[in-house]
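Asker: The primary structure of each chain is shown beneath.
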Amino acid sequence: MAIETKRLLTTSRAISEGIAQEMERDPSVFVMGEDIGTYGGIFGATEGLLAKFGPERVMDTPISETAFIGAAVGAAISGMRPIAELMFVDFFGVCMDQIYNHMAKIHYESGGNVKVPIVVTTAIGGGYGDGAQHSQTLYGTFAHLPGMKVVVPSTPYDAKGLMISAIRDDNPVVYMFHKGIMGLGWMTPNPRATAHVPEEPYAIPIGKADVKREGRDLTIVTVSLMVHRALDAAVDLATEGIDAEVLDLRSIVPLDREAILASVAKTHRLLVVDEDYRSFGMSGEVITTVIEGAFDHLDAPPVRLAYPDVPIPYSRPLEQFCLPSSDKIAAAARQLMGR
Amino acid sequence: MPDNKTLRDMHYQLVRIRLFEETIQKVYFEGKTPAFDIAAGTVPGEMHLAAGQEPVAVGVAAHLRPSDAVTATHRPHHIALAHGMDIRKLAAEIFGKETGLGHGKGGHMHLFDPATNFGCSGIIAEGMPTAVGHALAFKKQGRDDIAVSFFGEGAANQGAFHESLNLAALWRLGVVFVCEDNAWAISVPKDKATAIANNSDRAAAYGIPGVLVPDNDPVAIYEAAGEAVSRARRGGGPSLIEVKTDRLFGHFEGDAQAYRTPQELALLQERDAIRAFERRLIESADLTAKDAQDAWERARTEVDDAIDFARSSPYPEPSAALQHVFA
Chain A
555 MAIETKRLLT
565 TSRAISEGIA
575 QEMERDPSVF
585 VMGEDIGTYG
595 GIFGATEGLL
605 AKFGPERVMD
615 TPISETAFIG
625 AAVGAAISGM
635 RPIAELMFVD
645 FFGVCMDQIY
655 NHMAKIHYES
665 GGNVKVPIVV
675 TTAIGGGYGD
685 GAQHSQTLYG
695 TFAHLPGMKV
705 VVPSTPYDAK
715 GLMISAIRDD
725 NPVVYMFHKG
735 IMGLGWMTPN
745 PRATAHVPEE
755 PYAIPIGKAD
765 VKREGRDLTI
775 VTVSLMVHRA
785 LDAAVDLATE
795 GIDAEVLDLR
805 SIVPLDREAI
815 LASVAKTHRL
825 LVVDEDYRSF
835 GMSGEVITTV
845 IEGAFDHLDA
855 PPVRLAYPDV
865 PIPYSRPLEQ
875 FCLPSSDKIA
885 AAARQLMGR
Chain B
31 MPDNKTLRDM
41 HYQLVRIRLF
51 EETIQKVYFE
61 GKTPAFDIAA
71 GTVPGEMHLA
81 AGQEPVAVGV
91 AAHLRPSDAV
101 TATHRPHHIA
111 LAHGMDIRKL
121 AAEIFGKETG
131 LGHGKGGHMH
141 LFDPATNFGC
151 SGIIAEGMPT
161 AVGHALAFKK
171 QGRDDIAVSF
181 FGEGAANQGA
191 FHESLNLAAL
201 WRLGVVFVCE
211 DNAWAISVPK
221 DKATAIANNS
231 DRAAAYGIPG
241 VLVPDNDPVA
251 IYEAAGEAVS
261 RARRGGGPSL
271 IEVKTDRLFG
281 HFEGDAQAYR
291 TPQELALLQE
301 RDAIRAFERR
311 LIESADLTAK
321 DAQDAWERAR
331 TEVDDAIDFA
341 RSSPYPEPSA
351 ALQHVFA
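Heads up: the sequence lines are chains A and B, in that order.
In terms of the numbering used here, the first sequence opens at residue 555 and continues consecutively.
In terms of the numbering used here, the second sequence opens at residue 31 and continues consecutively.
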């Protein structure tokens, strides 16, 4: 990584820059979705693209999720590389068939003869009082269904590199950005949502986790906004003499099991932080990975801090009660350390 | 009116598809009698045959080229064959063999053929948005290829139908939507499911042409499709064609069809569109009786060869189940 300048970008601008660079490189790449044109995407992920590429390559769609996600499937089969934004992950139910029965299955059903290179982008996460139908995280749902990659970046740098990889990938990729990492003016500022991003295109391989903080005493495995919550917790923990390693998975599918095992082999303790629903999801998968592959390295039973199995409540104290936070992460880490 | 060569080609297509379907029907019950076991025998799973609906596929496909995209339903064989799918690979896929279209991973409802840009879906109406996407790609690529989406009348009540028509009309894409109205959504008759008599009327809601072909006549379908296909090819946007056709067999093989009367079933056999078409061609001297007989024999040979190929092909290695999740 050649750092010539210290240009700062928000995550949303980093994503749109990655898309723009791929659109320049490859004429088969185009973007469609709800409010992705003039508006630039409700969460800013397509800002500036319409002005640069025009309405033929940056297409606002009607609110017709089944039609435009399905159209992305057909266009991909016929040689294009569509990026389709479906505003909130909570809305995927209206077109889930196109996602899990078509986008994710056609390559397999064709015995490998047909490729479906699509990127579906969407916003995840709560914490701002938007209620049960606009705050879910749901990456576990897509990770559970084989045939699509699931990318969940946490930083501007990762967001750009992973977007470029997602566009170049011959598989369907569900690219989920947390509203809280985008650097939006109308969200509680997250200081790490603006960071240095190189101007030149670069690809971050999908399926490679990243150690966001080295540590000796326990491994905190997480993704997306919770990486930042974990890093905040690690600062507090350090003052108490607990040295936490923070492992950012960056993608749920493929899951970098080696990185999880290597970290736990070093720290001997595992805490999984998951903003998705607790049961049958990522937290269980990570813990199972360690039980299967590094059981002898564990000095204590793994702990998971996840969203309880309830819909996301609207009222602030209710939602904050449910969401993982840096305080809760620190408390869970202390529990894991026997303190 | 199609020329003599086209008529004869269409006749042959109709005949080979019918023989293929009838042969699959026989093979399907191998190992499934006397006690019906859906997983047992030569061909596993559900089997949806399209006997009676061949004119729709053949009448439309007569205007298509392999680079045109076609999406079909869970009842796809007639459309696949009419669009030029390799009959051996189709048969082998139905048998779940390594030599099949998808090496046995798709099965009869999930056929994908890059050679003819053919795809189908086991989910009602869900091939329609994909067709819109194919046409969108062709427009972006500056090609005059088009997409054709076949669907049943039951699908016209799904959201995907309405969304797809709207999007194709809005973006003026080269899509021909072809409704095969066989009057039955499994066991539910159309008049118990759809508030209007003709789905072609729904085209008006999207500002596109809607054409009703009231009988299951290959020539009438050919004419209607010709206009829609050339409109789509010259950038004139989508059309909706509705054909009143017949489903001679049950929804799936093994369906006792208790919801249809014996009189209705007998009437269906009597008015079989292929035999009617053949009689007409002979009367009009487009075909001699001998030519007709030759066509059936030639088709018999082709179908038998495909079935033999499927039968004698190996099954895939079981562990191949783990391949092709990702490209």
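Do not rely on the hints blindly, as some may be mistaken.
[Unchecked claim] From chain B, some residues computed to sit far from chain A (all C-beta separations above 10 Å): (1) PRO32; (2) ARG38; (3) ALA92; (4) GLY136; (5) LYS170; (6) ASP174; (7) GLU193; (8) GLY240; (9) ARG309; (10) SER314.
[Said to hold, decoys possible] Pairs of lysine-lysine residues, derived as BS3-like cross-links and limited to a Cα-Cα distance of at most 30 Å, are as follows: (11) LYS606/A x LYS170/B; (12) LYS274/B x LYS220/B; (13) LYS560/A x LYS669/A; (14) LYS762/A x LYS820/A; (15) LYS56/B x LYS274/B; (16) LYS220/B x LYS56/B; (17) LYS169/B x LYS669/A; (18) LYS882/A x LYS762/A; (19) LYS220/B x LYS35/B; (20) LYS35/B x LYS222/B; (21) LYS669/A x LYS170/B; (22) LYS169/B x LYS606/A.
Source of the hints: derived by calculation from the structure; they are not laboratory data.
Each residue gets a CB set at the ideal place from its N, CA and C atoms; glycine is no exception.
Asker: Indicate, hint by hint, whether the structure satisfies it.
Answerer: Hint-by-hint comparison with the structure:
1. PRO32: The claim holds: PRO32/B sits with its nearest Cβ about 28 Å from chain A, beyond 10 Å.
2. ARG38: holds, 32 Å
3. ALA92: Holds, because the least Cβ-Cβ distance between ALA92/B and chain A comes to about 22 Å, which exceeds 10 Å.
4. GLY136: violated, 4 Å
5. LYS170: violated, 6 Å
6. ASP174: At about 13 Å from chain A, ASP174/B clears the 10 Å cut-off, so the statement holds.
7. GLU193: violated, 3 Å
8. GLY240: holds, 18 Å
9. ARG309: At about 40 Å from chain A, ARG309/B clears the 10 Å cut-off, so the statement holds.
10. SER314: holds, 40 Å
11. LYS606/A x LYS170/B: Holds, at about 17 Å.
12. LYS274/B x LYS220/B: holds, 11 Å
13. LYS560/A x LYS669/A: violated, 38 Å
14. LYS762/A x LYS820/A: Holds, at roughly 18 Å.
15. LYS56/B x LYS274/B: holds, 27 Å
16. LYS220/B x LYS56/B: With a Cα-Cα distance of about 29 Å, the restraint between LYS220/B and LYS56/B holds, given a limit of 30 Å.
17. LYS169/B x LYS669/A: holds, 20 Å
18. LYS882/A x LYS762/A: The given pair, whose Cα atoms are some 27 Å apart, holds under the 30 Å limit.
19. LYS220/B x LYS35/B: Violated, at roughly 36 Å.
20. LYS35/B x LYS222/B: violated, 42 Å
21. LYS669/A x LYS170/B: holds, 18 Å
22. LYS169/B x LYS606/A: holds, 20 Å
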